[in-house]
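Undergrad: The residues making up each chain are set out below.
Protein chains: 2
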Amino acid sequence: MPAGASLENLCVVLVATRNPLNIGAAARAMSNFGCFSLRLVNPYEVAFREARSAVGARNVLERATEHKTLSEAIAGCTLVVGTTALGHRELQHPLKRLEYGGRLIKRHLETGPVALLFGSEKFGLSNEEMSYCHWLMRIPARREHESMNLGQAVAVSLYELVRDSRAVSKAPKPVTLASAGEMDRVTDELMKLLQESGYVHGRTASSSTQKIRRLIRRMGLSARDAEVWLGMIRQIAWKLHTRE
Amino acid sequence: MPAGASLENLCVVLVATRNPLNIGAAARAMSNFGCFSLRLVNPYEVAFREARSAVGARNVLERATEHKTLSEAIAGCTLVVGTTALGHRELQHPLKRLEYGGRLIKRHLETGPVALLFGSEKFGLSNEEMSYCHWLMRIPARREHESMNLGQAVAVSLYELVRDSRAVSKAPKPVTLASAGEMDRVTDELMKLLQESGYVHGRTASSSTQKIRRLIRRMGLSARDAEVWLGMIRQIAWKLHTRE
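Chain order of the listed sequences is D and S.
Using the working numbering, you'd call the opening residue of the first sequence number 1 and step up by one each time.
Using the working numbering, you'd call the opening residue of the second sequence number 1001 and step up by one each time.
With the rest of the complex left out, here is chain D (with noise of 0.2 Å):
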C-alpha cells in the first residue's frame, strides 16, 4: 500500500462556503498537513474577508484564490473529485469509500493536478456541481448521521492522505528491556524486604519467592524502570532497618 503523499499537486476547492470560521478551519487542517493551494468559488463575501484572521492558517489562506465559477477553479486539475455524504439524493455518479478513494487519489498526485471539492455547509455539492466530478467520494461515517463539519471533513480527508499505511506495521523504536540479572536484583531486593515487614513468612518463603518472581516478570520491566524499583525498596528497606 502506498505510503503518505506529498499534497503539493491537491488543491481544496471550497464551493460557495458560509461560515468565515469553516473556512478558517479547512485552511489551518491544509497547513497541518501540507497542503497550499486553496480555492474558493463563490464564497460569501464576508466569509473570505473574516477567515483571512483564521489563527494558524495565514500561509493557507493568502495565497488563496476566488473564483466565481466552478469550471473556472478546477480547469487545471486532472482529476476532480467531489466529497458528498450520502443522504438521501439518488447519485449520478460512482462513490467512492475515503478509504479506497484516497488511493486513487495518492496514485494520480504523482502526476498531475487534483481538485478535492467541499459543497456548501448546509447542502453541500449541488448535482451541477458534482457533473464537474470524474467521481465522488464519502467519509464513512455513520448513516444515521452522516454530514460532517466542513472543517472536519477536509481535516479527515486530509490525514487519509497523508496517512503512512506503512506505518501502522512499524513499532516505534522499544526500550531496552530489563535483562534477567536485573530482573532477579529487583525479586531479591522485594523478597528482603518483604520477609522483615513480615509479608512473607519462614515457612512459606520458597513458594512466595516464586510468586514475586513472576510477578516481577510480568511487570514487562525497562532496564531504566528496575534501576528506579530497585532505588525504591532499598530505601524502604534502609528506612525500615533505622527504626528497628
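Simulated from the structure, these hints should not be mistaken for lab results.
Nothing here was measured: the structure is a model prediction, and the numbers come from that model.
By construction, the Cβ of each residue, glycine as well, lies at the ideal position given by its N, Cα and C atoms.
Among the hints, erroneous ones may be present.
Stretches of chain S that chain D covers, calculated by requiring three or more beta carbons in the stretch to come under 8 Å of a beta carbon on chain D [stated by the list, open to error]:
#1 1070-1076
#2 1103-1111
#3 1189-1202
Computed beta-carbon distance windows for the label pairs [stated by the list, open to error]:
#4 D:G198 x S:R1018: 31 to 39 Å
#5 D:R143 x S:R1049: 29 to 37 Å
#6 S:R1063 x D:E110: 40 to 48 Å
#7 D:R166 x S:D1184: 44 to 52 Å
#8 S:E1072 x D:G198: 28 to 36 Å
#9 D:R18 x S:S1197: 29 to 37 Å
#10 S:S1165 x D:K211: 40 to 48 Å
Based on these hints, arrange chain S on the given structure of chain D.
TA: Coordinates of chain S only, in the frame set by chain D:
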C-alpha cells in the same frame, strides 16, 4: 489488518477545554463516527453550557459528564491514551503515530474501555495529565505546523479508529462495461457520421476506422453510456440527413 472498530467502549476525555465551539465540534465528530461517551474534566463553566446547543451533537452532549479531576474521569478505563503534538517538550512517555496507536486501541476496544485524552486548546495535556496515560499518540501533521484544532484532532483520531483498512483494496461494484459488439456499433455509427460530414474521406476511411475503433475503446465506456452515445450520434446523423 483490523477492520473499523465499534467505538462503544471508547470515551473521549476533554481536559480543561475553553471554547464551547470546540466541545460542540468534538461531540459532532463523535456522533459522526459512533462514539457516544464524552467526559469533560474541568471545562470552563460557560464553555460547557454553550456547547450544549451545538448543531448535530445533542445525542452526545446530553450524555456528557463533568468531572473535577482527570483521575475520576478515567477511573473505569483499562487503557488511557493521551494525544499530543511533539512540540518542544521532551516527552517522558512512549509516543506512537496515530496509524500504529490506532491499531493498538482498536484491539483493546474489543476487551475493555479505553479513554482518549485531548488537552486544552492552548497548552495541550500537561505533564501531570500525561502521567495518567499508558502512552501518547500523535497525528502525523507537518512538524512545522503540528498543532491541530481540537475538533479536527478528535475527528481525525476517531476516523482512524473506524477506518476499515479492508476497504482500501475493495473497489466499488464495477459498472457493466460495454461489450465489444456495443463498441463496434458506436464505432460504425460514428464512422458513418464522420464520412457524411466530411471529416473522413473515402481513401483514408480504412485507417480512420481503426483510429476511431481504438478511440472508442480508450473511452472505457459502460454499456449504458454506449447507448447514450449511439442515441446522440444517430440523432445528429438524422438531422444531417434532413438538412440535405
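Undergrad: For each hint given before, does the structure comply? Return the numbers of the non-compliant ones in rising order.
TA: 1, 2, 3, 4 and 9
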